[in-house]
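Visitor: Turn these sequences into a full structure, and let the hints steer you where they fit.
Chains D and Y, in that order, give the protein sequences. 0 is the number of the first residue of the first sequence in numbering that gives the first Met the number 0; add one for each residue after it. 0 is the number of the first residue of the second sequence in numbering that gives the first Met the number 0; add one for each residue after it.
Among these hints, one or two may not hold up.
As the list claims (entries may be wrong) - Cβ pair distances, simulated, as ranges:
no.	chain 1	residue 1	chain 2	residue 2	range
1	D	S256	Y	V176	55 to 61 Å
2	D	R42	Y	W175	46 to 52 Å
3	D	T110	Y	V187	37 to 43 Å
4	D	A100	Y	R174	22 to 28 Å
5	Y	R174	D	T139	54 to 60 Å
6	D	A140	Y	V341	51 to 57 Å
7	D	D160	Y	L172	38 to 44 Å
8	D	D160	Y	A39	56 to 62 Å
These aren't lab readings, by the way, just hints derived from the structure by calculation. Each residue gets a CB set at the ideal place from its N, CA and C atoms; glycine is no exception.
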Amino acid sequence: MTDTMTEPVKDTTGGPDHPGGLATQGLAVGYRTRSPRRRGAGRAVLSGLGLEARAGELTVLLGPNGAGKSTLLRTLCGLLPPLDGRIRIGGADLADQPPAALARRLAVVLTDRVDPGLLSVRELAGLGRHPHTGFTGRLTAADHAAVEWSLKAVGAEHLADRPAAELSDGERQRVLTARALAQEPEVVLLDEPTAFLDVPSRVALTVLLRDLARDKGLTVVVSTHDLELALRVADAVWLVDRGSRVHAGAPEDLIRSGAVAAAFDADHLAFDPVSGSFGLRRTARASVAVDAAPDVLPLLERALAREGLAVTDPGAQDVPTRVTCDENDCLTLTGPDGQVVHTRSFHELTRTVRTW
Amino acid sequence: MTTHMTTAPAAAPDASDAPQAGRAGRAGRRRLAVVLVLAAGTAALFVLTIATGSHRVPVAEVVRILFGGTADDPRWTVIVEQVRLPRALTATAVGAALAVAGVQMQTLFRNALADPFSLGVSSGASMGVAAVVVGTGGVAGSFTGNLAGLGRLGVVLAASLGAAAVLALVLLLSRWVQSAVTLLVIGVMIGSAATAVVGVMLVYARPERAQQFVMWGLGSFSATTWPDLHVMLPVIGAGLLTALLSAKRLNALLLGEDYARTMGLNVRRSRDLALLGTSLLAGAATAFCGPVAFLGLAVPHLTRVALGTSDHRALIPASMLAGAFLALACALLSQPPGTDSVLPLNAITSLFGAPVVIAFLIRSRRGVQGVAS
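Guide: Dropping the structure here:
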């Protein structure tokens, strides 16, 4: 089992094999009660956390809505004080660091939709230089170089002169990531950066974050709802389950231990460990004998499953209904009453089998 | 790429910006051009405002007097030095003050409708003035009439005290308020409460005193004297300097307080400093000129669109110039050439200003897409 919540992490972070990195020890996160006198009193959302995110790895924080993912991330980046325990960045305690020094080690992309006003993309990314610039905020040649580097790293250099307000959602998340990189941090925390993105942009951003971790040696922690993609791309997963316990490990560790299924399975949704994806859980009302080439078979299975039909061997004797697909992709449907329909359309298929 | 704040107003582009040629270089040149045009326009309007009034003074004579020469007609020297120059200086300083106060408020609250008076500073000043005008029968609190003396001083003091009282209350409450939006709403509430108190006081005022209060509320650049300027200019100067030195902090706040905090900014201290600076600027302007409407709301938007950026290192110096420019223009319009009549300043700022701003924003592509602060 890889459930690390009960065993404290040894103080080895910052060791030679992974300098940098983020680790927590006995961390409790949540919101304090309003009275400032009762220090430490508060409603803990998650507690007893001994988590570690290594440099050079993409760590993904997963969990159902309301499980406390944002609370944990906001605590890790210093926006919320921890209720208990410690957070260490590269071996140094987060609480001991002055804000400007912390900002040079840790940068964030928050869920807030920002209003960039009339800033250009380059100016927006340049805001990330704040902890590095002097009193007047003037960017030196080195600062400009860091901004250009960060835009290049996220593949947004062609956007540099565009007004930031005119970007698409996907472009804006790239640019906000560039702003975080321009801080030249060791650790980058991102709170649901893919939330507003379409599927290609989600994949592109998630892969980009993994590459940034690998290539630049960054510690990247990202929370997301995109479970299937995260389980494919992440190096490590922190999974918050419904009982507010946090499981940590490689995606495969958590799939094997059943933690993923336990956290996300619902009445109509079931996690399939083989494909690493979720499927609709539905009891088949009948079976259909299917004879089709291997490239068409999965499509037929999906379409029939949607109509509550299970697929069986073409040789099955006791099944009256039958679907065959010839080499010309022509579907032949044989109904329970022996009626035969020929079609090339899956839509026609599903409408027909619905009457069976 | 950006105008350097400490070299304002005639800012020069940074040599280190050379690698960013192309569009960034063009943007930098555009900003420089905007600043230069504003500076030249402000200087021209400054002279023109001094030349215009019930008694015309030739422009060439104005320039000669301003540079220490002797005018052909000694009366001109008196008019320029004792009446027109204080008025022009007041318009310049108050215009710059309200514009910069507006920039800070709009950035601090991330709200396009925030202005220097959003936290109730002008309502507090009104309350102070109303108290003096209504309460003490012995004070001749005439705003436009008796320029010197206790009456004038009484009004200025009362306005300052009223503004300071509201400021103190807002700063005190900001200790307990995390959210900037909540603070903004609280400021608006305090403002309406103060306005309500003024309404009650005016019920018990003698009609001619209520009239004086109404006159104060219309705003004027013409009432300030040299002794007034000796107080007002240093206060506004301090406020403007604070704003210039806050450009980096205000930039960090552009993405909201959470991002600012994660970039290492002490948000609470920055907020206090900006609130204090804004209140000094708005309080001083209101105490000496009445609640001058519109400039503090509109100038930041106009300047952002003209510059094409929200970067405060360019925005603050340019807003100072734009605010001074528009305030001088309003001062000029409030005394139509060739007539003796003086129109109320607030009528000018709003009647002439509102259509100009609307037209400007609609014509500009950026304005149509959203006047973000």
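Visitor: With reference to the structure, classify each hint as holding or not holding.
Guide: Right, here's what the structure says about each hint:
no.	hint	in the structure
1	S256(D) <-> V176(Y): 55 to 61 Å	46 Å, violated
2	R42(D) <-> W175(Y): 46 to 52 Å	20 Å, violated
3	T110(D) <-> V187(Y): 37 to 43 Å	28 Å, violated
4	A100(D) <-> R174(Y): 22 to 28 Å	26 Å, holds
5	R174(Y) <-> T139(D): 54 to 60 Å	37 Å, violated
6	A140(D) <-> V341(Y): 51 to 57 Å	54 Å, holds
7	D160(D) <-> L172(Y): 38 to 44 Å	43 Å, holds
8	D160(D) <-> A39(Y): 56 to 62 Å	28 Å, violated
Violation of the numbered hints given earlier is confined to hints 1, 2, 3, 5, 8; the remaining hints are satisfied by the structure.
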